[in-house]
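Could you build all of it, start to finish, from the sequences and the hints given here?
Chains A and B supply the protein sequences, listed in that same order. Per this note's numbering, numbering through the first sequence is continuous, rising by one, with the last residue being 306. Per this note's numbering, numbering through the second sequence is continuous, rising by one, with the last residue being 307.
Hints listed in this document are in silico derivations from the structure and should not be mistaken for laboratory results. Possibly wrong hints are sitting among the right ones.
Claimed, not checked - Covered stretches of chain A, as calculated for chain B (at least 3 residues, CB under 8 Å):
no., region
1, 94-106
2, 117-124
3, 170-176
Positions of the beta carbon are idealized from the N, C-alpha and C atoms, including for glycine.
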Amino acid sequence: MHKLGRDVFLILVPVVAAFALLPSVYSNQLLLFNFIIFIVLAQGVNVIYGFTGYLPFGYVGFFGAGAYGFSLMVLHLQAPPFLAIVVGASAALVLALMLTPLFRLSGAYFSIANLAAALAVLQIVANPNLEDYTRGPYGISLSGVFNPRLAYAAALAVLAATLFIVIFLRHSKFGLALQAIREDTISAGMAGINVVRERVIAWLLSALIAGLAGSVFAWYASVFYPETVFSGEFTIFAIVFALFGGTATVVGPILGVVILYGIYNAVGISTPQYFQLIYGALIVGLVLFLPNGLVSLVRRWGIDVP
Amino acid sequence: MLTYTLLAGLLFGLYFTLIGLGLNLVFGVMRIVNLAHGDFLMLGAFLAFWLFSLFAINPIPTIPVAFIVFLLVGFPLYYLIVPRLLRAKDPEMLSFILFFGLSQVIQALATILWGTSERSIPGGQLGRAVAAILSFVTGRTVENGPVDIFGQSFPAAWVASGIASGIGVLLVYWYLYRTKLGYLTRAVMVSRDEAIASGIDVDRISAIAFGFGLGLAAVAGVFAPFLLGSITPAMGAEVTITSFAVIVIGSLGNPLGTLLGGLVYGISYMFMQSYYSSWANLLPYLLLIAVLLLRPSGLLGRQTRRA
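Structure representation (structure tokens):
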């Protein structure tokens, strides 16, 4: 367990402190906020893909469920934001529970079904017939609770919680059990691991992380459309960032976000198609030549990467 | 209304079969997931569009051109990526990510080249070609215009696309079940290892199947402007999902299943359009999830897909 404490002090505390202090020296708080959201999402993908091998191609569904759970509480019940965040996270958990039967599917089928599920949720939320409940395609406006400072603080808390979960997985028996399941399901089951239960717990954790991120995002943005919070780009970016850095590690996804999302902000916003070209080519290159991400380069020299 | 919906569903079902067939062929032979399938279809659609708007070439003669061009693109692409991929630990999952990357590259290049605006080919063009062919075959003058089937009137472009898709599907079955190469292809589908052991040049068969897969996608793309509405570089993702719904409903790796899946999909799509149009877009996703959960091996499949 001393490794857990080491990583909390060497990774979690510095990263959270950096994002807490940066707004006082760097004025673009929105950009910092987006960095936080993507680190959280990339780590959420890491929890389910890195540790169990299931690629959640509809991961954004949980993010959107969180955002809409939060917004509907605020809109219809005038709930205080912190209560609404709890509801948003619960909405993501409920969706994840509904999707647990998908674990009967293997590999690519799971990913496709998950993607279909996320798109189905988007189609339902954005349907004009449900305008009275979800505002349909016309989007949400939460001007009543708009408070970027507090929302940013909430995002920091979510970031800290997420990093703690991943550090815990990295150094606990539970995380080891998940990786054993990923490598060889049958042997893991023989060794006394409850395969179904552990997988579902990882899935719920991963959904919880996205739901929290979605709630905080809804609070910070306060005006958005269904296509914004269910945009496939969240899934794709989170997956690419996590893969690029290296999954099943704590620092991999953080590195991925800092480097790639940094590049994205330098070249991507004005000309998104060039960034799309770069990351598309990057994915192809990664799968063919560096399937374990940047950290595997360091690992080759025999250094253990947390 | 009912007859109309059924017949329109049949026409669209044949087209959806054509869309799914290439994807299923690639999956069946190589056990890899071509997530860029919809993007190759998009490229085929743009090929038809440019040939028409630059040289006024009718979409019908574009069909063989599209097939051959993409068949030829398929071979080098296969040797570049697939053998390396198949040696990896979990090719199915890795292929999923890799082809996703490829799809992004294609989409980005198409956006850089052609921009994001929506394009279309006038629907009458396809009807005109078909009318000309019919006039030539029957020796009478056939007017270009809506076609009547069982007292229902359909746009000529739909009928032409449906018939052409049907012919395409028949050709693929002829290839798979009546030729030597098709026989070998089915052997590789059943068991790659045993095919290698019995001396089949698996790489060659797979490369051909891969090329056919892309070629079929491109041919389906030629009809896309008429059946799927206007074309954009970003249209691929949605098409990929649709084709997955089609082949999953049938069953992965089984070409006959694709026909069943396409027809089920097309007919239920048309029923949704006619009776609950605002929810019609939900259909592919729900159908996909429902079939995966209730009958994971598809309607015509064997038990292969359990984790």
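Here's how the hints hold up against the structure:
1. For the region 94-106 of chain A, the stated coverage by chain B is satisfied: 6 residues place a CB nearer than 8 Å to a CB of that chain, which reaches the threshold of 3.
2. Only residues whose C-beta sits within less than 8 Å of a C-beta in chain B count toward coverage, and the region 117-124 of chain A has 5 of them, enough to reach three; the restraint holds.
3. Under the rule that three or more residues need a Cβ within less than 8 Å of chain B, the assignment of the region 170-176 of chain A is violated, with 0 such residues.
In summary, the one numbered hint that this structure violates is 3.
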